[in-house]
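Starting from the known structure of chain S, fit chain B onto it as the hints suggest.
Residue numbers (our numbering), protein chains in the order written: chain S, 1 to 492; chain B, 1 to 119.
One or more of the hints may lead you astray.
[What the hints assert, rightly or not] Here are the simulated lysine to any residue pairs, SDA-like style, with alpha carbons at most 25 Å apart: (1) B:K112 with S:R148; (2) S:K159 with B:A64; (3) B:K112 with S:L36.
Just so you know, these hints were derived from the structure itself, not from any lab.
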Amino acid sequence: MSPWLALSPLLVVGIGSLTVMMVDAFSNKKDDLSILSSAILIAAAAIAGSLWFGGLPPQTPEILAPYLAVDAMSQFFNITICGGAALCAMLAGGYLREHDLERGDFYSMLMLCAFGAMVLSSATDLVSVFIGLETMSLGVYCLVAFRRGSARAIEGAIKYFLLGSFAAAILLFGSALLYGATGHTDLLGIGQTIRNGNAELGLALVAMSMLVVGLAFKVSAVPFHMWTPDAYEGAITPATAFMSVVVKAAAFAVMLRVLITCFGDPLSAGAASGWPPIIAVVAVVTMIYGNIAAIYQSNIKRMLAYSSIAHAGYILIGVVAAFRVQNTAVSAVLYYLMAYTVSNVLAFGSLIVMGTRGKEAVTFDDLAGAGKRHPMAALPFIIGMLSLMGFPPTAGFFGKYYVFNAALQADSGMHWLVIIAVIASAIGAFYYLRVIVYLFMKDPETGAPQAVAMKSGYVVTALVLSAYFVLEMGITPSNYLKMALAAAAGLV
Amino acid sequence: MVATYLPLLIMILVAVALALTLFLLAVVLGNKNMTPEKAMPYESGQSTGDARHIRLSLTFFLTAIVFTVFDIEAVFLFAWAAMFRELGWFGLMEMVAFMLILGVTLVYAFRKGAFEWEK
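Excised from the complex, chain S in its bound form (with noise of 0.2 Å):
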C-alpha cells in the first residue's frame, strides 16, 4: 500500500480544511459551508472505513510506520473522530445561523482539529504525539472562543489555555524524561527498552506519571478537571459537543497506545505497581466528584460537563483493565468512546434544538414544560439522557456494561472499583432523569423566560443520525463490539 492511500482520510480532512477556508474567504454564503465540511468529515470517514474493511496491510508503509500507524485501531478512531466532527459540523450549521453568529472561521478550524485528533489518535511517536495534541488543542482552545464579545467565552477559553498549555508542558517535559531514560522516541522502541530492562527505571516512572497528567488533563480527569465546566459553558454549544466527543476520543486513544505499547512491560503495569493503580485512584475520584458536582448544577451545559466528567472516570476503569486482558478492555473502552460520541451528540444536540434566538435553553427552570410544548424536539433529548445515564437498549448501557465487564474479568483486585462505578452511576441517573422531569412534569414560572424549539433541517440531521445511531449501537451491540475488538487487536 502506497503511502499516499494509508494517509488518504488524512489528507482528506487536511486539504478539505484548506478548500473549507478558501471557500470562505471567497463566498457570501456560509451557511453551505455546514454541507461542504460535514460532506469532506463523512467522506474521509468512509475512506477510513474503506481502507479498513478493504484490507489494511500487515504492516504501515515503511516511511510513516516510526510516527503514524496505519492499522485498524487508528481507523476506528478516524470513523469516530470523523463521524463525530461531521456531527458537529451539522449542529453549527443551524446553531450558529440561529444565533447569528454565521462565521466561516468555524467550520474549517473545526477540521483542522479534527485533523489533529485524527494525527493524536494514530501517533506512534512522541513527537506526532505533541504535534497532533497541540494541532488539536490550539484549534479547540479557538473554538471555546468563538463567541468573542462573550466574557463567559473568554474567561473558559483562557483558562483553558492556560491550564492546558501547563498540561502540554508537563506531557512534553515527561516525553523528554522519557527519550532521556530510553534513547528512543518512538512508542515501541521505548517499550521494547524498557521490557529488556535496558531503561533507567526511575526517570522512566517520572515521565511516565508525566505523561499520564498531561494526558488526565485533556480526557477532564480529576483532579484535572478544573477548567472543563467553564469551557464547556462559554463555549458554542457546536463547539461544546465538538470538545466533548473528539477531544476525549483522540485523548484516550493515546493514552492506550502509549500506557500499553510504552509500558506494557509487568513492572509498569501490574496490578500494585506502575500505572494501573494511579489511574484506578483517579477513575475513583473522577466517578464519584463528577456525579456529585453534576447534582448541583443549575445549568445543563455544566451539568453535561461534570457528567463528561464522570464518563471519563467509567472509561479510565477499562483502561485499568487493559493491563492484564488487553483485547477485552481496549475493545470495551473504544465502544464506549464510540456511544459516548454518538450518545453525547444527540444530548447537546437536543439542547440547540430546543432554543432561538435569544431565548436559549440553558438551565433546567428554562426546559421546564418544553417537552409539552414541542413533544418531538424532547423526544432526542429522552433517549440521549437515557444513553448517558446507560439505560438498556440504549449504546451507553452496552459501553458501560462491556467495560465493568472487562474491569471484572481483569483482576479479583477491580471488584470494588466496579462496585464503586456502578454506585456512581446510579448518583449519575438522578441529574439525568431531572432533565426530563423537567421537560415533561415541570410548568414553567408565571413570566419565566420559556425556551423555544428551533426549525433547521441540519440541527435534525444530525439528530436523527445520531439518535439511529444510538439506538442501533443498542439494539446490535455486537456488530460494533467486534469492530472495537478487531481494532483493538491492532494494538500491541
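Showing chain B alone in chain S's frame:
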C-alpha cells in the same frame, strides 16, 4: 552522594534563612507611613495610571501574528536550504507542500482583511 550535595543544601538553607531574616527585620524595625504612591501596585518604577488608557488597534496584533507565522516559515526555509542537496526531491516536495499551505493561509488572511489598516 550525600557528601557531594551537602554544601549545596547548606547554601540553600543559608540563603533562605538570610532572606527570611532580612524580611522579618524589615517588618519589625521599619516604620510604616503609607503614602498613596506606596499603596499603588509596583510596576518597576513606572507610575500606574495613564498607561492603561492607551488603546492599541487590534490590527496591530493581527499584523504581529501574521509576521510571526511568516518569520517561522523563513526559519524552516533556512534549515531546508542548508540541507537542500541531501534532501533532494523529497525535501523540495515537502517544502512546496508547506509553502502551499502557508500560501492558502496568506490568501485567507488577505481576503479577511487582515492587512487593511484603515477599516
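Evaluation of the provided hints:
no. : hint               : result
1   : B:K112 with S:R148 : holds, 16 Å
2   : S:K159 with B:A64  : holds, 23 Å
3   : B:K112 with S:L36  : holds, 20 Å
Going down the numbered hints, you'll see the structure goes against none, and every one checks out.
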